[in-house]
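Enquirer: Kindly produce the complete structure, drawing on both the sequences and the hints.
Each protein sequence line maps, in turn, to chains G and R. Numbering-wise, this note's numbering puts 222 at position 222 of the first sequence, and it's gapless, one number per residue. Numbering-wise, this note's numbering puts 263 at position 263 of the second sequence, and it's gapless, one number per residue.
Everything labelled a hint here was simulated from the structure, so no lab data went into it. Among these hints, one or two may not hold up.
Copies of one chain are not kept apart here, so a pair can be met inside one copy or by any two copies together.
Claimed, not checked - In silico DSS-like cross-links for lysine-lysine, where the CA-CA straight-line distance does not exceed 30 Å:
no., residue 1, residue 2
1, LYS317, LYS264
2, LYS33, LYS317
3, LYS264, LYS33
4, LYS294, LYS141
Number of protein chains: 2
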Amino acid sequence: MAATGRVEARVDLETLHDVAQQIRVDGIRASSKAGSGHPTSSMSAADLITVLAARHLRYDFAHPELSTNDHLIFSKGHASPLLYALYKAVGAITDTELMTYRTLGSRLEGHPTPAIPWVDVATGSLGQGLPIGVGVALAGKYLDHLPYRVWVLCGDSELAEGSCWEVFDKAAHYGLDNLTVIVDVNRLGQRGETEFGWNLEAYRRRVEAFGCRALVIDGHNLEEIDAAYVDAAETGGRPTVILARTIKGKGFSEIENLNGWHGKTLPPDMEARAIAELGGERDLTIRVRPPEGKAPAAPGSRVPSEVTLPTYALGDKVATRKAYGDALVAVGNRPEIVALDGEVGNSTYAEEFAAAHPDRFFEMFIAEMQMVSAAVGLQVRGYVPFASTFAAFTSRAYDFVRMAAISQANLRLCGSHAGCEIGADGPSQMALEDLAAMRAVQGSTVLYPSDAVSAAKLVAEMADRPGISYIRTTRGAYPVIYDNSEDFPIGGAKVLHRGEPGQAAPPVIYANGEEFPVGGATPARGDDGDRVAIVAAGVTVHHALAAAERLAAEGIRARVIDCYSLKPIAVEVLAEAARDCGNTLVVVEDHYPEGGLGGAVMEALAGGEHPPRILHLAVRDLPGSGTSAEVMAAAGIDTEAIVRAARHAAQTFQGGQ
Amino acid sequence: MAATGRVEARVDLETLHDVAQQIRVDGIRASSKAGSGHPTSSMSAADLITVLAARHLRYDFAHPELSTNDHLIFSKGHASPLLYALYKAVGAITDTELMTYRTLGSRLEGHPTPAIPWVDVATGSLGQGLPIGVGVALAGKYLDHLPYRVWVLCGDSELAEGSCWEVFDKAAHYGLDNLTVIVDVNRLGQRGETEFGWNLEAYRRRVEAFGCRALVIDGHNLEEIDAAYVDAAETGGRPTVILARTIKGKGFSEIENLNGWHGKTLPPDMEARAIAELGGERDLTIRVRPPEGKAPAAPGSRVPSEVTLPTYALGDKVATRKAYGDALVAVGNRPEIVALDGEVGNSTYAEEFAAAHPDRFFEMFIAEMQMVSAAVGLQVRGYVPFASTFAAFTSRAYDFVRMAAISQANLRLCGSHAGCEIGADGPSQMALEDLAAMRAVQGSTVLYPSDAVSAAKLVAEMADRPGISYIRTTRGAYPVIYDNSEDFPIGGAKVLHRGEPGQAAPPVIYANGEEFPVGGATPARGDDGDRVAIVAAGVTVHHALAAAERLAAEGIRARVIDCYSLKPIAVEVLAEAARDCGNTLVVVEDHYPEGGLGGAVMEALAGGEHPPRILHLAVRDLPGSGTSAEVMAAAGIDTEAIVRAARHAAQTFQGGQ
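Expert: What follows is the structure, encoded as structure tokens:
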């Protein structure tokens, strides 16, 4: 294969060989100093990355925010010694900083994270950097219309992940010729040979069958590497996958191609011999060419946009999933908003956005992992992605959501058809663990509106919410209960029936060694107010309201709290309700008992001096099919169940008078 | 393609055509009656399934427990009208029962579940029945050595899921010629055309590149279908994938191949016309041939087995992950025990099992979805699978674990390297949400041992535990704190430092409308006992013990509770501790604050009359890299943090005297 085309041979290949050796040495030094890391997995790809950086990558390390910069993603995040040694070689960090690898407070963590300004996303869970690269490439080709390229370094073991094949499929489907995948086929996984070893033809057949261009090269032949990058850049209409045959531990003959050296650092004597064999320590610098051309501003800052949210008539029956679609269309007037769906847009109502803003909608078919990853990639470029599917199927991408949190990504997820409320379709389609899972994501926001007005308002709130936010929507249509003028700030709650509060006296929540006053009122006897407080969210709000009506008929005044924001949660509203209502709360949710609304309420209040008693109604057994009403009744989370629990609470309360 | 070989033409194809039409009619009738369901997705595959059942499937519907039975898995679970209409056609259910489809209490749920004796696993989350089929086929080929076949019906949309490509890879790798995949390529997904429509060659190229045999047929030509099944049965060494071109809604010309009819039932007038066009209602019965040959007993009942668990010396430093491996080898003396790992067996220590029992170990490489699915498939055949990977990466298979619960599968999972305790590798490798996620799985068991003795005992407990159990193990080596004679029943906890209890008086927990006495002691002033109770699990037990030592030096007597079983949890032990120690508990966990140990403790006690105050130490910010000690200190979950919290609790307690 001949090197042709636009290559500028600004650094000769002999020098590059020395730079690659330096990078190997530095990777060894950094990991030996740290006492952990993956030097051998870095050595196999050193030539690939050196040639890329010196001759093909267009990146301004002084200005990582430039929209025209290329994107380099290490999907094999454990090759961090290679990445960080490269940062030294391009002059971005000092040798001193390199030697802080994996120490507390250093941005050079065990696996790359965006604590480093040149890292787009956290990697380290294999098979994720690649699908995120698809998202960045989608932005480049379809939204930014900029010539930046996306380079993703993968390991060979990693190709066992199904997520990678979602990538090759979608990358070909969308014709992502701005994406180049570099597979470091070093034959050895963590515990032995990979499934295919050096059978590069097996990989080639698969990659080509998926519609990508495959190039098989010797990953230590600098000329072949160089030519492959040229070839990739010149190939139009589809992504290129460079399958590079490499040697794990390349450059230190004692451990080259030897099993048992994955994730191991070299003991001092071996380290010395390795550095000597690799030509000793060097301090070479290569210049990475910055991108050419004008760099447009970030998408969010381009056009001032006006959003007019949909409105709904009180009492009309509208599903919150419908309101999600309506609001997404409205919010979509902002040009940075993009939407993705997993081939269920007619159920989630993302199809409304697809119809209104077809150029900013990406159909990901039934590939939830790729859907979430593409969203993460799109937000790398400043877009504001909303990704939707059935709430049950967000679980398919849970590892990707977990990692997105580590990437500090700004990601909006919508899960529709949540809970046993769906009735007939049965438990496989019922999300009954999604609130627990999403709440446990670091820094997440978890929302669960009860009506169309609040759903639409919360979609607008999500658009400006940093971090990962999740909105849970309901299949069935329920009455609009809020006026269109109501606000629904994240972290708030609505008190729908309410008695007279007592006097103020701030309670205190204890968390990790500190006490935080949370404001609110003192415990009131409540004689002139509510006897019982019912905390609900989403569909159970409607049942709680119905229960309050029935309780009123029995002379029991009930306060209903629409806890539409599960995380952050309205601690004060809950604490006040507990104090006003005999230090007891009835909590009702369409979710398993663990970690959902009940868990959120308990976690919010358990640090207080006298945590309330929680009468907790949740889905405790595996539901079957039936009508929505039947299944919710069977689960003990319907109006009748709430009335029973509230009566119990009110009796306790009266007993305490 | 000619029909040759072992086919017994016991039912002529003309009759089979009528049976297929009956099945279409019955699917329409059942879904129309239910008012929901997927008749058109059933009609496309009716010919495929009718020919299979009448001529190729070997199954005794009167004896679904027979080890020699074939396995028929509807990976496209939404084609339940087809499956249930087939059950009627084979005489397994009556027409009356068929008409109970999707009604409360009927076993004929919206998507198939093992509530039906002939259903192996629940489906309805696409791309799961297929990888589970791999597990059943692994059992047949490598463990049972029985000639049963595994037939999996897939949709075409479903092939967008990466999990399917993990399947084709692993099925070919393991040479699963007993597996036949039937892809119903009806071109139309839920919301329009699939990515490939009727481009069957695109599927063929991919399937063949992955090492499977592909057959492209007309899915409505009964002869071609028949011949394909013969061909599949006669193909040795690899699985066959039948790519059948079909028509959605086949048989009712008004909606054949028409978009907009996914998951929709026919209105009465259309239903009548459809039934007429399909030849009216029929009551034909086909006989499915039972399997031949002697059916051996289930694996668990074959050989009485003796298990001698490993023992450890008090004070020796042993990682719980090492104890997992040791115990797995020991438990592995029982011939029904099998193990799987995701190419990290040298980290999880599953490699010890692989070395000791190589014939019952399955390396699934880095394909966690396939790993969990294969485990589910293996337990279908009565094996007792343990599947392990890093705890962080169990999240990759969360949807599969969720569905396994609906399958009521008996599945054991091990997640190693849990928590920020791992230190240097950074947050991508730290599971900090796994306890929340696993606790929220219906009917699950969640265990987190602190030392090698308890870890080994709990592995043995898991082997006999029905449902889904999860054990979380730690990277680092910590002292053995228990004598080898200690028992660790699931649902228990160990009280490590303990004062004098007060008198007995059962408290009460309220859940879903009922009160449950939980036993235990009355609130004691504790003057002669412990001042503070620290609830820990796993690695934090060691920090809690160290904290108790330091507190003792300050004159504060601390009770330490090793809450090794998070679900079920030892409510009595926790309630007693709260009563003895000023109604306050210090809970410390290496997990995010949502839904983990703290959540479990709160949920256990919040229903009591006076729930305790919880001083909750958890990982609240995103950790970075560092040493284990540094990262745990930074997170506020180490010895020092516990001492501070316990002091606070003790002060509160003394203040109350």
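Enquirer: State for each hint whether it applies.
Expert: So, going through the hints one by one against the coordinates:
Proximity of LYS317 and LYS264 under a CA criterion of 30 Å is satisfied inter-copy only: 21 Å between copies versus 61 Å inside one chain copy. Taking the closest pair of Cα atoms, LYS33 and LYS317 come within 30 Å of each other only across two copies (25 Å); inside a single copy the shortest separation is 64 Å, beyond that limit. Taking the shortest Cα distances, LYS264 and LYS33 sit within 30 Å of each other inside one copy (12 Å), while across copies they are farther apart (63 Å). In this assembly of identical chains, LYS294 and LYS141 lie within 30 Å of each other by CA distance solely inside one copy; the values are 17 Å within and 62 Å between copies.
Every hint, counting from the list given before, is met by this structure.
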